[in-house]
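Heads up: the sequence lines are chains A and B, in that order. Heads up: the first sequence begins at 70 in this note's numbering, then just goes up one per residue. Heads up: the second sequence begins at 2 in this note's numbering, then just goes up one per residue.
Since no wrong hints were added, every one of them can be taken at face value.
Residues from chain A that face chain B, not an exhaustive set, calculated with beta carbons under 8 Å:
1) Arg-189
2) Glu-192
3) Ile-194
4) Ser-197
5) Gly-216
6) Arg-224
7) Leu-257
8) Thr-258
9) Gly-268
10) Val-275
11) Ala-305
12) Arg-309
13) Gly-328
14) Gly-329
15) Leu-332
16) Leu-339
To be clear, the hints were calculated from the coordinates, so they are not data collected in a lab. Glycine included, C-beta positions come from ideal geometry on N, C-alpha and C.
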Amino acid sequence: MEFFHVKRDIPFMSYGKLTTAISLATFVLAIFFLITKGLNFGVEFTGGTVMELRYGQSVEINQVRHGVENLKYGEVQVQSLGTTRDIMVRIPNIQGKTSAQLSNEVLDSLKKERADVELRKVEFIGPSVGDELFTHGITALILVCVGIVAYLMLRFEWRFALSAIIANMHDVIIILGVFALFQWEFSLTVLAGILAVLGYSVNESVVVFDRIRENFRKPNLRGKTVPEVIDNAITATMSRTIITHGSTEAMVLAMLIFGGAALHGFAMALTIGIVFGIYSSVLVASPLLLMFGVTRDSMIKPVKIKEEAVV
Amino acid sequence: MNRYPLWKYILLIICLVLAALYALPNLFGESPAVQVSSGRVTVKVTEAMVTQASQIATAAGVTPIDAYFEAGSVKLRFKDTDSQIKAKDAIQAALGTDYVIALNLLSDTPPWLSKLHAKPMVLGLDLRGGVHFLLEVDMKAAVDKALEKTAGDVRRELKDKKIRYGKISKERDRVEVQLRDAETLAAADKAIRQLLVNLKVDSVSTDGNFKLLITYPETALLQLKNDAVKQNITTLHNRVNELGVAEPVIQQQGEGRIVVQLPGVQDTAKAKDILGRTATLEVRLVEDDQAKLTEAMNGNVPAGYELMTERRADGRSVPILLRKEVELTGENINDAQAGFDDHNAPAVHLGLDATGATIFKDLTRENVNKRIAMILVEKGKGEVVTAPVVRGEIGGGRVQISGSMGVAEANDTALLLRAGSLAAPMNIVEERTIGPSLGKENISKGFNSTLYGFAAIAIFMMIYYRVFGVVSTLALGANLLFLIALLSLLGITLTLPGIAAIALTLGMAIDSNVLINERVREELREGMSPHMAIQNGYKHAFDTILDSNITTLIAGLALLIFGSGAVRGFAWVHCLGIMTSMFSAVFVSRALINLIYGRRRHLTTLSV
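From just these sequences and the hints, can you work out the full model?
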């Protein structure tokens, strides 16, 4: 069985202007949402107390919200966790009150209204830890980028390294943009997911790059122009790209559907990352490569002419 | 062409058997158990305890399935939770409070597997429920305290050597000693240098002002901070032991932080109460000069003194004036037991170490008929536990504190003192509590999503690539086996993000197989013979597999370096998974393909 057997190379590169325009638009949009709405940082980053509650029977979220707001803790968030029984309560750090006091007060107040409430999880994070995590996150991101660029420069060439990392950051920014747009919680696991996407997405670019390099060396493609060579490489790897993405996406979707609330953000970041990973590796990284002026010579070291020995 | 030598197959089989062996313990469940460990530093649990504990349990009508000694504690396994609880009560009653009896879950791994060091994966708190604390040690307080102690040492030494001194004060980061003239300065300098070898001692004499400055050099400061964290960890160990938690985790994280994980703990308030108590004991002299006390009560506390309140037996609080100098701290206390004094009033009996005993002996000799105060300092606030009058010299290091306390209070105080004092106060900077039902749910959800994802991929691969797809699926299965075996063997804690990483790794691992299979197809399309297609397909795919996996590994390593807690769990699995997947995609699948096709000389088609 074969789904993606394409006889003739698809002229991806001639769409270059269009795809770059689309990328740029989504990119700008993502940045727009990041600036205007900002990320909804989870408790790990901001500090504060998060409680996960479960009711015996379904509960009206407004009732819970009302119950918590009566305690006057400032900006309290109450939201449902996928079901009508699971509720998440987020309370900012309050000076002079420990999380134990806070969570006990909230639970007591809610128990007065409905006795069937059960505490499933409490998380308290001090503000200093959050700041540290933030800097660590940024450091990790930079570390990953530097590492990838260094490796690709070693194995390929600077143009490849640069294109791959730009395409990658494009994916990351778009994921962040989506998280900002929908105000999904940006937690530590989401960050882990994004860093995993970085690795995954560059993986995609590398597979295509690998084929481009190989094509440059192939004798039967010698007469072709650079865009044609790239088109050929993308077309040749397309089947693999789609199938691989399909399987990874199947795994991630399984996590999204069956993994529950705890894995939701992680799976979501990866779902978006995989979709954009396929797009960026084909339609962002490769046109960029062309834009940076990749040629056959940049991949193939000129053969040294051997001096003929005079006997 | 596509044949592997016999040794490669033997190697592969050995790898698979080993992997299966080390992954096997995860299949056995857990059974309820009772863990007996020491509740006091002075009490040691030994092998002999195994038979004793078993006999107690058997006498109570519940015979343990298995009983053994491991890492300083005795573990007894029971068939159900009812007998577990019965046994716990019986053992606790028989052994008394010197031992901590905790409820535990032990793996049902057969002994022959345990002998091979095969053990199930360690589950993180998010998978089994419990409390997680991140505590931060207050380093400034640790340094302040050390300076106070040094000031005390200096005072004692100068007194011993009969060198007259003026004011000894603790400044911001040093101790200053005022001396009368150049002669005493030189003598003091010599004595102090001998006493405090690790510290920096400077003599300063300007305009008839003679001073000795004692500072902590960088190395000593670092040592001090390290010791503070270490002592706090030891103290926490002892305190946690009092809670009767099985297999707690207490580890240093970073420079001044300590992680405490208490699996299965439900009563978080009690846990936090015990952990969070930053109690230290201080022994100081009481100033009973009525004039000074009145002055202090009018808000005019004389320099070098501190006003506190003392709780009397009748519940009254009376002001008490204390000297600031700390004569003795909880560090010199070896043992503390609640008991009763001669008048049958609740009391705490303290045992001091050699240094403590000497200091206490001198202190009591010099202050007969004066009062000394025992102050319990919690979170920077001191409370006078008792302030008895010294009747005479107390030697031998046995001290009894009695006075205004109830039995419960005596027990509490003794517990805190027994557990040792903290070198510096700590704050809880992070806290997580996960209910056990949530943990179970997390496991099943994580497991199910991996299972469904794996099934979807396997079915697709087998339909799409036929024989090569079956081989890919088998390789993926081998990958999972290797990964679980490695995780179990290395004792890496599996967390929920870790399960996510297993799923993600499997999803990504299939990439290598897809790359190979597509390559083989391509080679066939280009007119290669089946054998050549296999050969070239694997060869060409390998470069790509290497490049793409190394880049992914770079991301994984960054996560490992920066990550903490759950993210680190994710990173470990991710990194290991990339390596096992490379091995299984290249080696396992090739071995299988070679086994299937390698011997056929006239191979005309491949099922791909």
